[in-house]
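Start from chain Z and add chains F and E according to the hints.
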Amino acid sequence: MRLHPVLALVCALSVGGCAVSSSRAQGGQEAKSSGQPAANTGAGQQVSGDAVLLGIAVAETSNVALLGQEEVIGARIAERLLNADGGVNGRPVKLLFQDTGGDEIGAINAFQALINAGVLGIVGPTLSQQAFAADTRAEAAGVPVLGPSNTAKGIPQIGEFIGRVSAGVDVVAPLAVEQALKLNPAVKRVAVAYAQNDAFSASETKIFQATVQKKGLDLALVQRFQTSDTDFTSQVTNIVGSRPQLVIVSGLAADGGNLVRQLRELGYKGLIIGGNGLNTTNVLPVCGRFCDGLLIAQAYSPAVDNPINKRFVEAYNQQTGNQPPQFTAQTFTGVQVFVDALRRLDKTQRLETMDLKTLRSELNSAVLTGTYETPLGQIGFDPEGEIKQQKFYVAQIKMDKGGKGGRFVLTN
Amino acid sequence: MLDFLNSQGTIYVSMALGGVLGLSLYLPLLAGQLSLASPGFYALGGFVAAVMSTKTFEVEGAYPVHLVLIEFVVAAALCGVLAFVVGLAALRLTGIYLALATIAFVEVLRVFMLNLELTGGAVGIFAIPQPFGTQLSYLWLAGPLLIAAALFTWRLEKVRVGRAFAAVRADELAAASMGVDTTRAKITAFVLGGVLAGLAGVIAAHQINTWSHRQASFDASIAYLAFVLIGGSRTFLGPVAGGLFLTYLPEWLREQAKHEFLPTWAAEFLRTGRFIIYGVLLAASCVFFPRGLITPELLGRIKRIGRGGGPPRGQDLPQPEPEAVA
Amino acid sequence: MRLIFQKLLNGIAIGSVYALFALGYTIVFSILRVINFAHGAVFTVGTYLTYALTGAAFGRNGQLRNASLPLELNFWLALTLGALGAGVLGVIVERLAFRPLRRRGSDPLLTLVSSLGVAIAIVNILQYLFGAENYSFGETLGSMRASVTLAGGELPVVIRTKQIVIFVVSMVMVVALTLLVNRTRTGKGLRAVAEDLTTARLLGIDTDRLIRLSFFISGVLGGIAGALIGLAGSFNYQFGVAIGLKGLAVIVLGGLGDIPGAVVGGLVIGVAEAFVPAEYNAYKDAVPFVVLLVVLLVRPQGILGRAQVQKV
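Residue numbers (the numbering used here), protein chains in the order written: chain Z, 1 to 412; chain F, 413 to 738; chain E, 739 to 1050.
Bound conformation, chain Z alone (with noise of 0.2 Å):
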């Protein structure tokens, strides 16, 4: 009685087994493109017919999923648009998915199927620790890499295949508290506040703090909190208590969101700067009216004047009737930088001419060598990968009357 469903599951495993090993060794129903059987260093494959092929690697599980599921959402846009555009000079481009979830290993096995499954390139991941792990796997395998939302230092210094379109944490900074003093230049002291358990808002505020004593303010209090914390009293009370007129707050969406509301709500009035990663309209309904006049340094703004951001954004609105986040930018952007190297390269060599191993390669160079008009404004990269970016952005929020919708608002 307890045989049977054991051998069964045994063998159903077995079988499954089997077929999974056999169909690997396929090279996998999903590689359209290739007509024999594919090897992982894809010396010898030919890149012919139709598709071409990228791959995305984000959190679309876990806690992470949130910034994860953006992204998605700017691939599948950039996929729409630019296949609208012919593709690669007539190539249609297609996205392979893959879900890094939101640790390490998740982010090895995902990059490391899709490296399998014969993509040119992958944008991704989504956690500046898994790009650490992940990463590593890629340069090996010789795949060119763009993180879309790594920006812990270290990253495109990991290797000459991986590069960034996410501006590293230093720039962006700065420029905010500049607007904010621009708005009351009588500011003495600030606040500080940051989630620790976040590796990215743990970098950002050194920053922030370094802005701050460079400007001669007076850094009266840092406080910490956890990303998963939804009440922040005693931090709000320390705060309110060190008299700041100034708060600066590193976090995300959620946590940062109820930060600043909490705030409001027990009666702070000063200036609240908030960090890049409560650059998105989820922070919108978790503060509500709240979180009018929140500045927030950006390194995209929905506002940008060029004919790409202009159809992204309408893209974007159409679909959800809302401003892009950062997040969903960037990962438009790390496609269309694939996508529009791609076009270049095809133009001094066809590609169904190199094999995969090469035309990786040469897509790599492709993509460290060109400057690309995106939404983020005009960009290139420097030799190790790292982005160059024109421009950043401080953007005050405006909360409609009902306190139910909002808008980012550019201030310079």
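Among the hints, erroneous ones may be present.
Said to hold, decoys possible - Derived coverage of chain F by chain Z (criterion: at least 3 residues anywhere in the stretch with Cβ under 8 Å from a Cβ of chain Z; other residues may be distant):
#1 420–431
#2 523–535
#3 593–603
Rather than coming from a laboratory, the hints here were simulated on the basis of the structure.
Every value quoted in this text rests on a predicted model; they were computed, and no experiment measured them.
Every residue gets a Cβ at the ideal spot worked out from N, C-alpha and C, and that includes glycine.
Below, chains F and E without anything else, positioned relative to chain Z:
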């Protein structure tokens, strides 16, 4: 062929480590203690490797394997000492109370790791040197560890120490009144489990290349618990099989999602809904297979089939046991 | 002095959040001697139900994109219905994860793990359906002020209105529960089952029905707690788990299975967390667990519990 194996290298190594971690929970269980502390020791072992390889040993180029062996020794010592202390403190606790105490211990450990400069705070430590060029080569470390741990556990059950564990598991009071040193038994089992988890952490830290406080999580405790409970909590093969199978399962599901004939929502479910399956499997196994899939009875039957049929002999007879975890 | 008073208030506010959550755990534990890990999941589902009943739409991710119910109920009405729904879910969980094991006389640890499996499944189904987004209830307290000032001056002592609401509700729930258990016939049945299941059954008490009832009550409490906590901040599919672990510390401190104990435990831990000095704010999260460890090692029965006598 080698290319194919290489690309699957990560998964195989993870599977082997999964088996080891299952055993690290099984060892305290042998002495009747449900300890969910393995992730804490796993994270600690990983940090030992991370800190030593990035800060203590300044190495250019490939990281020599003998340094990894030194890390093993240090991690084992550190985890052993900590496990000893925790085991000592938790002596009076049983059942749910012990489980809760170990959960609390892991959380406290994690918060400390989150806050210390040494462990890199929120970011953790990255760019950990790799002793091997390919993922598959890590099996040179993980494989022997798994085999050694499995053999050790198998022999342990037959020796006096192991029988002391079994006695404590069956009925602590009776064992004590029969002269079994229950204190020593429980602490030994606890220390063994902690050391094993620490060793697995050393390998994992090098394999994944980056390590942070998030490795010591409650989710991980649940995963290892699932290895043992679904795999089999009454024989050493159970946690090994559970570890191998359940580490592989999410990847297998990910593969299945690729089939063309599946409707989108089903494919989506297979790719991202694997935790749902995990949870259901965990609950179902508690309800339908409370002693796990691989039980001594099953092994007995397989042995008999190997012998060519025939009635169950002495050792094969199923022992009547209370339906319990520990 | 003022600061101490403020911190005390903060602590009580956070504490009543924990207490409200822990009450659900306690009910089930007092009857069945098992920890229902699925409580966190039921708590989350109740919150999502309340949210849906207010007519709000779900986000862009997940299978049920932008879905919303054609109703638009007042928050408090939605809360009541949502909590009842959570109660029903609690009963379903009992049927699936607890009853088969109880029939076989299984170890409580096995039940704990089984409920854990159910919890993981439920929470991830929520994510699959509704996405990982954070949701908020908006301005449901309407014209009520956001906070109440208890003492004026340059550094006023303030408390948010929502926190007062949570505190009041927890106290009301505790009183209601205690009355139920101590003064009603059903309550007597519950206490009998808690004392000895077999004897109670032999005496003709319908134990199955009472157990279902306790799970129902636990679910309702969870649903109310979730909606209120979601009101005070925001919520997503995981917020039950984070509070769930702390809830364990609360009930052990208060005494497993003791109803006023859950409240006392919650308040003590809340105040302990609030009094962590600002420099050590980073370690705040460890406080409930350190407390848990200390209690388990020194006085496992908690503050209000009775010492467990081990029968041979």
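Hint numbers contradicted by this structure: 3
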